[in-house]
Amino acid sequence: MSMEDYPSLESYKDGMPPKLPPDPSRKRRQIWYVIIGLSLLSLVLITVTFVRSGNMALLAGTGTIAGAVYDERGQPIVAEIYVFGTPLAGLSDQAGRFMLSDVPAGDQVVVVGYRNVGREQTVKVVAGQVVEIGDVRFVAEDFENAWSQMEGALP
Amino acid sequence: MQRSMKKTEHGQGLVEYALLIALIAIVAAAALSATGNSVDDVFERIAGLFQDQESACTPVASAGTAWDPSPTNSFWKGGITQQADGYQVCPLCIGMLPGYTDSDYRLDLSGVQVTNTKTSWNGYGVAFRSEYGPKGLNGYMFEIERKNKNSDTELYFSKWVNGKQIKIPGALVSLPTGIDWNNPPDMSIAVEGDTFTAYLDGKQILQTSDSTYASGGVGVLANDGTQLNFSDFQAKPSTCEEVP
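Note that the protein sequences, when read in sequence, are chains A and B. Last residue of the first sequence? That's 142 in the numbering used here, and every number before it is there in order. Last residue of the second sequence? That's 327 in the numbering used here, and every number before it is there in order.
Do not rely on the hints blindly, as some may be mistaken.
Stated by the list, open to error - 30 Å max Cα-Cα, derived DSS-like pairs, lysine-lysine:
| # | chain 1 | residue 1 | chain 2 | residue 2 |
| --- | --- | --- | --- | --- |
| 1 | B | 250 | A | 111 |
| 2 | B | 218 | B | 232 |
| 3 | A | 111 | B | 218 |
| 4 | B | 232 | B | 201 |
| 5 | B | 250 | B | 218 |
| 6 | B | 319 | B | 286 |
Please keep in mind that the hints were generated in silico from the structure rather than gathered at the bench.
Let's have the full structure, built from the sequences with the hints guiding it.
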């Protein structure tokens, strides 16, 4: 800074210049920064809540899960099929085949149940596609538990 | 003119403050919604630190207080029946404590007497985070089970979906030496978050984790070859620690 740019003594002949009042626009700017920051934060939190609620699946679309259920001799079984956490349920047919449609896209837990025994499998459902989970096979050993001893009297 | 401008600026300031307060409220609500359960857990843990062990272990439900003899509260083949010196669960039965449901708790099944009515499928256990739906039980069980006199005694956690039992991988331990059926151990199960820990006579015996069910009721069960009598079944806060 050159000497010419410094204030002259003339400027202080009546003492120190009065303190300037705070700039009101600066305070308002700060408030707006906070408002913008909070808006962004609430947007992030609302997005997190939405994603965690499982409603993302509604946007992602639906797919179909297919498979077959057999016993240890390879005979088809009429088994119950559930998609955990949804009302979706069905039965395998006389050939042991099943197909569940309108399954929300994303990771889904499929439960295949026969008598009182269940098998679960996590399946990645892709919108608009049929996902084949393969054969589910129940063997005699699966039913060796206390709750299988009385058919029809299961919890 | 200048006065009017000042008033307008003042009004604008109020709008900004109102906006600020509304946004703080939205952020607080969204944050609670996004992390609500975790916050709840943190509060419970902090509250637990200030509790002495005695009050931390005060039962929140027990067979003594929650048992209701009306048939509508007895599930499947009779459930729990009251006896002169405690309670009884018939073979292949489950009795739920009516009116109690929660996420985290410690279950104590004490004063157990086992009457093996058959030589096979002996055992007993507890149900937790369980509810009966139209298609059967949904929830978890911990069981002590012996297939027959020549087989090992197995202790395991299992999961039930619509009345179908699903094995939880790694949630089984075999006891080749078995247990003393004439003097069976007290059973205690700590249910906290995704982690379930089983204790027999105060000693940790098995631990597993599963996140399928977050909350539900509790009950006592007996296997097909066993009639179970017990003096009490209690649910205590999860902050209650096991004393070996």
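Starting from residue 232 of chain B, check that the Cα of residue 201 of chain B is at most 30 Å away, please. holds, 10 Å
Are the Cα atoms of residue 250 of chain B and residue 111 of chain A separated by 30 Å or less? holds, 21 Å
Would you mind confirming whether the straight-line C-alpha gap from residue 319 of chain B to residue 286 of chain B stays at or under 30 Å? Holds - the C-alpha atoms of residue 286 of chain B and residue 319 of chain B are around 18 Å apart, at most 30 Å.
Satisfaction of hint between residue 218 of chain B and residue 111 of chain A, Cα-Cα up to 30 Å: Roughly 26 Å between the alpha carbons, so the hint for residue 111 of chain A and residue 218 of chain B holds.
Just to be careful, I want the Cα atoms of residue 218 of chain B and residue 232 of chain B compared with a cutoff of 30 Å; is the pair within it? The hint is violated at about 33 Å.
Assess, step by step, whether the Cα of residue 250 of chain B is no farther than 30 Å from the Cα of residue 218 of chain B, and give holds or violated. Given that 30 Å is the threshold and the Cα spacing comes to 19 Å, the pair holds.
Hint check: a violation occurs at hint 2 only; the rest are consistent with the structure.
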